[in-house]
Amino acid sequence: MTAPTLVDFDDVVERFDPMLGLEVHVELNTNTKMFCGCPTEFGAEPNTQVCPICLGLPGALPVVNRTAVESAIRIGLALNCDIAPWGRFARKNYFYPDMPKNFQTSQYDEPIAVNGYLDVELDDGSTFRVEIERAHMEEDTGKSLHVGGATGRIHGAEYSLLDYNRAGVPLIEIVTKMIPGTRERAPEVARAYVTALRDLIKALGVSDVRMDQGSMRCDVNLSLSPRDSGVLGTRSETKNVNSLRSVERAVRYEMSRHAGVLDAGEKVVQETRHFQEDTASTRSGRIKETSEDYRYFPEPDLVPIAPPREWVEELRGTLPELPWERRRRISAEWGLTDEELRDLVNAGALDLIEATVAEGAPAGEARSWWVAYLTQQANTREVPLDELPITPAAVARVIELVASGELNNKLARQVVDGVLDGEGTPDEVVAARGLAVVSDDGALIAAVDEALAAQPDVAQKIRDGKVAAAGAIVGAVMKATKGQADAKRVRELIIERCG
Amino acid sequence: MTDLIRLSAAELAEKIHSREVSAVEVAQAHLDRIEAVDGSADGPGVHAFLHVASEAALESASLVDASLAVGTAPASPLAGVPLALKDVFTTIDMPTTAGSKILEGWRPPYDATLTARLRAAGVTILGKTNMDEFAMGSSTEYSAYGATHNPWDLTRVPGGSGGGSAAALAAFEAPLSIGTDTGGSIRQPAAFTGTVGVKPTYGGVSRYGLIACASSLDQGGPCARTVLDAALLHEVIGGHDPLDSTSIDAPVPAVVAAAREGANGDLSGLRVGVVREMGGEGYQPGVRASFDGALRQLEKLGAEIVEVSCPHFEYGLAAYYLILPSEVSSNLARFDAMRYGLRVDEGASAEAVMAATREAGFGPEVKRRIILGTYALSSGYYDAYYGQAQKVRTLISRDFAAAFAQADVLVSPTTPTTAFPIGDKVDDPLAMYLNDLATIPTNLAGTAGMSVPSGLADGLPVGLQIMAPALGEAVMYRVAAAYESTREPLVAPEVKA
Amino acid sequence: MSSRDQISRDEVAHLAKLSRLAVTDAELDLFAGQLDVILGAVARVGEVAADDIPPTSHAVPLQNVFRPDELRPGLSQEQALSGAPASEDGRFRVPQILGEEQ
Numbered sequence: 001m002t003a004p005t006l007v008d009f010d011d012v013v014e015r016f017d018p019m020l021g022l023e024v025h026v027e028l029n030t031n032t033k034m035f036c037g038c039p040t041e042f043g044a045e046p047n048t049q050v051c052p053i054c055l056g057l058p059g060a061l062p063v064v065n066r067t068a069v070e071s072a073i074r075i076g077l078a079l080n081c082d083i084a085p086w087g088r089f090a091r092k093n094y095f096y097p098d099m100p101k102n103f104q105t106s107q108y109d110e111p112i113a114v115n116g117y118l119d120v121e122l123d124d125g126s127t128f129r130v131e132i133e134r135a136h137m138e139e140d141t142g143k144s145l146h147v148g149g150a151t152g153r154i155h156g157a158e159y160s161l162l163d164y165n166r167a168g169v170p171l172i173e174i175v176t177k178m179i180p181g182t183r184e185r186a187p188e189v190a191r192a193y194v195t196a197l198r199d200l201i202k203a204l205g206v207s208d209v210r211m212d213q214g215s216m217r218c219d220v221n222l223s224l225s226p227r228d229s230g231v232l233g234t235r236s237e238t239k240n241v242n243s244l245r246s247v248e249r250a251v252r253y254e255m256s257r258h259a260g261v262l263d264a265g266e267k268v269v270q271e272t273r274h275f276q277e278d279t280a281s282t283r284s285g286r287i288k289e290t291s292e293d294y295r296y297f298p299e300p301d302l303v304p305i306a307p308p309r310e311w312v313e314e315l316r317g318t319l320p321e322l323p324w325e326r327r328r329r330i331s332a333e334w335g336l337t338d339e340e341l342r343d344l345v346n347a348g349a350l351d352l353i354e355a356t357v358a359e360g361a362p363a364g365e366a367r368s369w370w371v372a373y374l375t376q377q378a379n380t381r382e383v384p385l386d387e388l389p390i391t392p393a394a395v396a397r398v399i400e401l402v403a404s405g406e407l408n409n410k411l412a413r414q415v416v417d418g419v420l421d422g423e424g425t426p427d428e429v430v431a432a433r434g435l436a437v438v439s440d441d442g443a444l445i446a447a448v449d450e451a452l453a454a455q456p457d458v459a460q461k462i463r464d465g466k467v468a469a470a471g472a473i474v475g476a477v478m479k480a481t482k483g484q485a486d487a488k489r490v491r492e493l494i495i496e497r498c499g
Numbered sequence: 001m002t003d004l005i006r007l008s009a010a011e012l013a014e015k016i017h018s019r020e021v022s023a024v025e026v027a028q029a030h031l032d033r034i035e036a037v038d039g040s041a042d043g044p045g046v047h048a049f050l051h052v053a054s055e056a057a058l059e060s061a062s063l064v065d066a067s068l069a070v071g072t073a074p075a076s077p078l079a080g081v082p083l084a085l086k087d088v089f090t091t092i093d094m095p096t097t098a099g100s101k102i103l104e105g106w107r108p109p110y111d112a113t114l115t116a117r118l119r120a121a122g123v124t125i126l127g128k129t130n131m132d133e134f135a136m137g138s139s140t141e142y143s144a145y146g147a148t149h150n151p152w153d154l155t156r157v158p159g160g161s162g163g164g165s166a167a168a169l170a171a172f173e174a175p176l177s178i179g180t181d182t183g184g185s186i187r188q189p190a191a192f193t194g195t196v197g198v199k200p201t202y203g204g205v206s207r208y209g210l211i212a213c214a215s216s217l218d219q220g221g222p223c224a225r226t227v228l229d230a231a232l233l234h235e236v237i238g239g240h241d242p243l244d245s246t247s248i249d250a251p252v253p254a255v256v257a258a259a260r261e262g263a264n265g266d267l268s269g270l271r272v273g274v275v276r277e278m279g280g281e282g283y284q285p286g287v288r289a290s291f292d293g294a295l296r297q298l299e300k301l302g303a304e305i306v307e308v309s310c311p312h313f314e315y316g317l318a319a320y321y322l323i324l325p326s327e328v329s330s331n332l333a334r335f336d337a338m339r340y341g342l343r344v345d346e347g348a349s350a351e352a353v354m355a356a357t358r359e360a361g362f363g364p365e366v367k368r369r370i371i372l373g374t375y376a377l378s379s380g381y382y383d384a385y386y387g388q389a390q391k392v393r394t395l396i397s398r399d400f401a402a403a404f405a406q407a408d409v410l411v412s413p414t415t416p417t418t419a420f421p422i423g424d425k426v427d428d429p430l431a432m433y434l435n436d437l438a439t440i441p442t443n444l445a446g447t448a449g450m451s452v453p454s455g456l457a458d459g460l461p462v463g464l465q466i467m468a469p470a471l472g473e474a475v476m477y478r479v480a481a482a483y484e485s486t487r488e489p490l491v492a493p494e495v496k497a
Numbered sequence: 001m002s003s004r005d006q007i008s009r010d011e012v013a014h015l016a017k018l019s020r021l022a023v024t025d026a027e028l029d030l031f032a033g034q035l036d037v038i039l040g041a042v043a044r045v046g047e048v049a050a051d052d053i054p055p056t057s058h059a060v061p062l063q064n065v066f067r068p069d070e071l072r073p074g075l076s077q078e079q080a081l082s083g084a085p086a087s088e089d090g091r092f093r094v095p096q097i098l099g100e101e102q
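Protein chains in written order, with the working numbering: chain W, 1 to 499; chain C, 1 to 497; chain Z, 1 to 102.
Calculated directly from the structure, the hints in this document are not laboratory data. The structure displayed is predicted, hence computed values, not measured ones. One or more of the hints may lead you astray.
Claimed, not checked - Derived lysine-lysine pairs resembling BS3-like cross-links, with alpha carbons at most 27 Å apart:
| no. | chain 1 | residue 1 | chain 2 | residue 2 |
| --- | --- | --- | --- | --- |
| 1 | W | K482 | W | K461 |
| 2 | W | K479 | Z | K17 |
| 3 | W | K267 | W | K177 |
| 4 | Z | K17 | C | K496 |
| 5 | W | K461 | W | K488 |
| 6 | W | K202 | W | K177 |
Given only the sequences and the hints, what does the whole structure look like? Please build it.
Structure below.
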């Protein structure tokens, strides 16, 4: 396959207008699957979270998960959509081994939420409105593992192994209308939209929205039309775009590739492409032997969903503060600059800090713990910040212990380490490791006297009024007490004893 | 000793519960009878059964006996009574094939709700009965395991798709059986074998664990030799099931009381509607004569006979043969050799194995309907075929609603003809489809219907169809029991296996 | 009934492929003829003027049937794989898949 000709991005936006469309699949974090009572947790042993229904065994029938419907309605409301007063699931018929029934049950043509929008904040602080066409419920497929062949990919594999734990997990597909007028900001808008959607859904608490685990997946539709031509281009659909950065890069790459095709006087092929994380490029999917005809028809095994108005309004009442509103509020409360706020958001620390503040910690200390020591620990342990095994409540307790003088900063870090290592709550770690600050003056005075006696020249300097020299004695005392002394008190005692 | 196999389920239950006979004796008598007359697919005999579960049946019966011995009340009015289960309901302890090669030897890891209810009621499940493959057919000739023979004349079909369940009753192999009715698969075999078959209101009996033919039409129901027995079974299997989204959340109609009331033979004040469009052209003269006789009987019982018109019923067959194949094409997609069932390892890819397996595992009628359904759902044809068929469905429901405003029940012959010879229509799909002319409208509308014997024509049984509105089973059973009380039971000649 | 063919042999071949049926040439001939007759008969649904008639997809007037989001016991891995033509490492083993995921 010859490498596509890529046109320089600046050149592309000089001469072409991109038309962008985004389809985002979100796996809901319900306890059970869309149509059966199997668990949805990620990472279980293969085929242990299955039953006759999600395995598509003969005779088994689906029943809709009420919480999934509620989540779908809440997502729709948060996206300013109209909630459909009546709709049915349909069957999307096609054969594929990861799909147990060989049809997917989907609200494809009668979606529960339609005609909404999401206002997306761009880097320069401006707002861009992305119109939402629909949000609908469907079910996820199983997972295949391709064995043999060089790459572990489907091509060249000798055979495949199927795990249906994921089959039937509730999915919400959120589809934008075509997004015009993005020009050179198309990659940024795409990324900002997916980011905003992720934050929104996280705030709703209906999904983990982990792109790395596939609980949020994005397809990018893109076409180019020559500037001011009014001619709509042919679009490509890029799948497997599984990080925020990739969303941006996929749009950028496809713009450059389309422009190359058009410049060569060729036609863009309407096709599915796959994003390649390693090269930040896209490759063509296999051309299908026959044009797909999914033969949709209403799912006879499920009855229509007609959400009563009162139910919808009740759900509207459960919508949380929207992430961007919340950010603005927090920013004002904590006195953050826009840049500081963005750093906190990007670090994934905002929720954690807020939760820590909610547990009674001062904002400054909470911020400092999460962005400094804990971020460093997360990096060392190679987990996202919010997956560190410590709760905001525990962090708040540590801060409280420092404030009350029971811990100093060094001990506090040891306590946090203990919590991260699974030794228990901060108080349990303090007790188990014997980490309380030595606050018994008698013991401290003895240590101070000993240190002063060991360093008579320093003691003399202090007596001569060179108070700064006390640092050396403080260090010695801290060493002698294995760091368990309150350094401030030690200093006071040194000056007292030399007075 | 009384010939146990000739007794009704109600009579057997009484003897078992009073401990006059044991459930094990009753089960053994039926197992012996099966051994004597059922034969096999190759040899002579009825061939009603695909699987006989002797051990499990005796075990289940002995549990009933043990429980009665310590004075425990019977688990249900049918505890200890044997039953033949159509091989389309999943059973954890028996193979389930739906009459298809593609499921040969498959042992489901779960029980259908109906199976579980039978077990909980202490009913003795004798085994699984033969059927047209995936319930598609009207003669049981489309079973992958050989045709079932009509006990009235072994050279003739017992009807279908539930020919095995009906033949088992007529041959006294079981006093009760379970069928499923998608377009007449309970009622038409009942008519052909001189037995009673009931298609309950759609949603009245759980479909969970019923291997789907056409989901929006399928309905499991009771089969028996008497109306009361059918009613007793109906109350055991009916009622709401949270595992079936289309299950009606309402009490089971009081059909046993209705059947007992009807047996008093008084139908005064009841309006019986004769559908003008059912029973004319295409109906065998003997069938029409039997139907006319039945109308006279109903009148004698005090019923008022009124004529009603259902002008869209004539489009029922066409709508049915679009809706059913469409749903079939989707329902049967899961049989793909990946997770269970047959796998034909021809070809190097999953796609090739799927196509080879489905080609080898499905019979011609199933393939025909899959292709027809795929066509009817295709984007260019959907509106003209599937979409239009669904509108006809609405019109047929409206016809029923108008008719039930004028009559409490509707009646017609169950089938246009009596049982035809094996091999007669097997290569002419359209002729085969005409069997269901009178039964299909009920399935399209989701209403209730049943067939009761109305005598013989040229030595073969004829059925009277009684139709009632959704959840109107009580009045239907009452009329059926009243009519039954005026007739001698039909008894098939002794089977020479 | 219309005299023109409702369905061609090629169309039947295409439909068989869509339905994953490796039908034989003899079957194609047979089915094309039979389906043509059947389609001629079922095309009668078009005779009913039904522009303003709503379609019926469900025979039962139910809506909003839901289940609570509560775990129900499922199958063990062994049960799940019990009917599998082939399995390996707790998974269903299937031949090489040619098509792309959808």
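Hinted pair W/K479 and Z/K17, Cα distance within 27 Å = Outside the cut-off at roughly 80 Å; violated.
query = Holds or violated: are the alpha carbons of Z/K17 and C/K496 at most 27 Å from each other?
reply = 46 Å, violated
query = CA of W/K482 to CA of W/K461, is that 27 Å or under?
reply = 25 Å, holds
inquiry  = Between the alpha carbons of W/K202 and W/K177, is the straight-line distance 27 Å or under?
reply    = 22 Å, holds
inquiry  = W/K461 and W/K488 were given as a pair; does the straight-line alpha-carbon distance stay at or below 27 Å?
reply    = 19 Å, holds
message = Please verify whether W/K267 and W/K177 have alpha carbons no more than 27 Å apart.
response = 24 Å, holds
Of the numbered hints stated above, those contradicted by the structure are hints 2 and 4, listed in ascending order.
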